[in-house]
Amino acid sequence: MADPEKMDLPDKQSTSSTVEDPEKKKKKEEKAAQKEQKKLKAAQKAEAAKNQAQQGSKPGKMKNVSCATDDVDPYTPSGEKKQLSSQMAKQYNPVVVENSWYQWWEKSNFFVADSSSTKPSFVIVLPPPNVTGALHIGHALTAAIQDTIIRWRRMSGYNTLWVPGMDHAGIATQVVVEKKIMREKQLTRHDLGRENFVAEVWNWKDEHGGTILKQLRRLGASLDWSRECFTMDEKRSRAVTEAFVRLHEEGLIYRDLRLVNWDCVLRTAISDIEVEYLDIKERTLLKVPGYKKPVEFGVLTSFAYPLEGGLGEIVVATTRVETMLGDTAIAVHPEDPRYKHLHGKFAIHPFNDRKLPIVCDAILVDPKFGTGAVKITPAHDPNDFEVGKRYNLEFINIFTDDGMINSNGGSTFVGMPRFEAREALNKALQEKGLYRGAKNNEMRLGICSRTNDVIEPLIKPQWYVNCKEMANEALTAVMSEERKIEIIPRQYAAEWRRWLENIRDWCISRQLWWGHRIPAWYASLEDDQLKEVGAYSDHWVVARNEEEAQVQARVLFAGKKFQLSQDPDVLDTWFSSGLFPLSVLGWPDDTEDLRAFYPTAVLETGHDILFFWVARMVMLGSKLGGDVPFRKVYLHPMIRDAHGRKMSKSLGNVVDPLEVITGISLEGLHKRLEEGNLDLSELQIAKEGQRKDFPTGIPECGADALRFALVSYTAQSDKINLDIQRVLGYRLWCNKLWNAVRFAMSKLGDDYTPPSKFVYESLPFSCQWILSVLNKAIAKTVISLDSFEFSDAATAVYSWWQFQLCDIFIEVIKPYFYSNDPTLISARKSAQDTLWLCLDNGLRLLHPFMPFVTEELWQRLPSPKDSARKESIMICEYPSVTEHWTSEKVENEMNLVEAVVKSYRSLRADLPANERNERRPAFAHCQTGEVAETIKVHELEISTLANLSSLQVLRENDDPPAGCSVSIVNENLSVYLKLQGTINVIAEREKLKKKREEIQKQCDGLNKIMSASGYQKSPENVRKDNQAKLEMLMQQLSLCEDTTQRLEKAAEASENGANGTE
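Note that the numbering used here has the sequence shown beginning at 1, numbered continuously upward.
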């Protein structure tokens, strides 16, 4: 899509049928955009000065002004329909335009869906943002795309529902509140206790949570706020409990002892999506939370285990020396000749005398890597865990939950933080003579995205979901011929297959206090030998509440005394999120909403959570809801900065959408950084990044411009490189829309009333043309929206407004309003009617993309006769194709007109700067009668657009007058522009030579294709098209030669005439 900031101003039209030199065009457009921006700034400055004058000289005190100016909107009470000024302001101002409309839309219930409606339903569930979150650019992209879809479907006659909600965000919220109470009260959550801490979180949520939902209103998101929900509200909590119980009853949820990703700072298991991986090439020192000194990573340490019976030693290597305290075996490859004599033997642990069996494992061990011997720590490594299960090894956990060495690590190291134990073990191995050296080692280090702690694999009893059966159903839903779900873009279906074919059971336990408490109770029996909670796996009871658990326990443990205690863990946040399409509609109850709106129509989200959220919704929705939760999945690209870099606070390139909407100075951007948690060096780097990217800050762009930019960017593969200059360009484009309507209002007049019927056939040519291309724009927009090609839809709307309505139609109808010619005056009403029709359709076509400015402008349009006007543009019908408006003949004729105009403009651009705006006589030299007739009929359009004083049509045998510059339009037409003074023959000759070479190059290229071996096997239509194109090019070459000869002849005649005069 063309960059909007690079566009011609209203009085310097561009055409769409031919392409000018890109470099030349770029410079011209940049200059035009700069000029437009200067005009905007001057107008804003004048407006500010005017407002200040109205308010009086003393700051902070509003002066009573009895009579406001005609172009300033009166005050509108919140929630009331916006009061518009009697006259339109001279410049578009997003702050003014985007004020008041949303509150009125919301109060008028335009966003509310009706579950009893007979209209077809169309439902989107907003991916629930974290309750802790503030609006970031990814949310803005989601909102822009989803609101475009919803507004379009609402206007297209659907009963639309867009459900807003918030996620309780277990880890993120707990971290925020823990920091708050530490900062304010110097207390930990353990100091407060669980009940008091959870109360603190609810207080925080009620006071600060949900900021992001308020910010979504600023973007214009037409969400049904009457159905707003929270993943931990009463209804959603009941749904979570019900889902857990039902899945457990089917045997799909179970408890097991397995390895998990453990965060020693949070003291909980975390999901894979919360683990970020750092690629380390060599020895690297990193800061780790809780450690004063940086910790060494990227080093492979070798040490020896003594063999039992004096058989020598066996050398192993590891990047985590501290885990050797939990080693319970050494593995070798069964075919490795170096160790065949050690099969079935034992090594002795140097720090606790534990006997370590030497096991043969061909799955894990690569004899060519390292020493070919691998230490096995089943309780702290995923691969070793599997070896431990294969050989029934002992699983010894050596870490406490906060990352200290526990009593299993031995008295020498107990109580040491794990990375301090690493140093201590290296030293102890050296002292025992077992240390064999260290070397650089490339590795991937798992880091928690929440705390930056290094992930520790720990063996823990957890609750799991058996996903195999549900995953197969989800796979079939997408991959089968009768698929229930379509993933867009289609390439992500391969990733869907890869994830689901290799799915592992899902760990849903989290050792947090904020979240849905797991509905499972442990029965401690009076005669149990082991008193620790969880010691016996068959003592767990799963129920909807404690009363139900008591009933089950009395049956299970009949005749025995027991005491129940609920599992202290909470559920993974993704579990409640996975139920969201069901729970927001009232499941497990059989509600009207569930019957009317499930399954939903579309899920729109980022491709990074295709598995973590989308797949889980499909699995849980199919299992518990009886059908897939949505029919289509649209995955939007990830947003990067203008340079393609990932947005990061430390780079200073994070873009806050609200700052783009309202604008912010460079100092304001710096201040935001300073309020963050960057260290001094990171802060300096970030500030420098901001100075480079935003040297004068971010200009005020408005929500409409930001939305349109984000939607138009979606064609960029899987990443969006966001350039604020492009957003600013669309803000300037809004000014062009504003001026187009402002012009129209001045030409329609106060007494104008649109007719109820239009007779297309009686309209002037230019009016027929604009309606024909409007038809094409409508068709292209609707087809593109329906196929989720949002960038193409935005381009179709933009191109019609910019290049056809503003650049051509508005310019070409001006003579109808300014001329005294009776013929033109008689056509004035047709021009007015067509102009109104274009604006009404064009604003409705654009509304889903830019809701605020289109509402404001549409409300200013006069109402048609004999029809009740809708209250708002957002509940009007979306434009549809009117078949009898389409005319290929009219469009072809206008294409020729545009090509002629472009050629004249090209000739004018070569004139001296002080002559370019002068109206000049022109000539059209036509090779056929048909072309001559077309040019003659459309003399008015050509003369108006090309700014000509006259246009004379010449036939094939006519000689053009001397003193003209020439341009070849096509094989049947050349145009001439009268010059002042003597023609520069050399320059004209060079221009024709360049044109001839250009055509010859195209001919040579086509000839090469047509003479290639196998060309005759090409489709017949391709060969016919190429032959026709070649013949056309040959005609153009012939015309070039003819024009050159005429130029030489005219020059010679001019020279002879001059000599004769002398």
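Among the clues, some could well be false.
[What the hints assert, rightly or not] Result set (EDC-like, lysine to aspartate or glutamate): computed pairs, CA atoms no more than 20 Å apart in a straight line: (1) K865 / D750; (2) K484 / D786; (3) K646 / D723; (4) K561 / D528; (5) K692 / E674; (6) K561 / E532; (7) K671 / E700; (8) K646 / E700; (9) K287 / E456; (10) K340 / D353; (11) K991 / E939; (12) K747 / E811; (13) K995 / D910; (14) K978 / D1025.
Hints were generated in silico from the structure; no laboratory data involved. Please read all numbers here as calculations on a predicted model, not as lab measurements.
Do the hints match the structure? See the list:
1. K865 / D750: holds (15 Å)
2. K484 / D786: Since the Cα atoms of K484 and D786 sit roughly 17 Å apart, the hinted pair holds (cutoff 20 Å).
3. K646 / D723: holds (13 Å)
4. K561 / D528: holds (10 Å)
5. K692 / E674: holds (18 Å)
6. K561 / E532: holds (16 Å)
7. K671 / E700: holds (18 Å)
8. K646 / E700: violated (24 Å)
9. K287 / E456: Answer holds: K287 to E456 is near 16 Å, not above 20 Å.
10. K340 / D353: violated (24 Å)
11. K991 / E939: Roughly 26 Å between the alpha carbons, so the hint for K991 and E939 is violated.
12. K747 / E811: The given pair, whose Cα atoms are some 13 Å apart, holds under the 20 Å limit.
13. K995 / D910: Measuring from Cα to Cα gives roughly 15 Å; hence the hint holds.
14. K978 / D1025: violated (37 Å)
Hints 8, 10, 11, 14, counting from the list given before, are not met by this structure.
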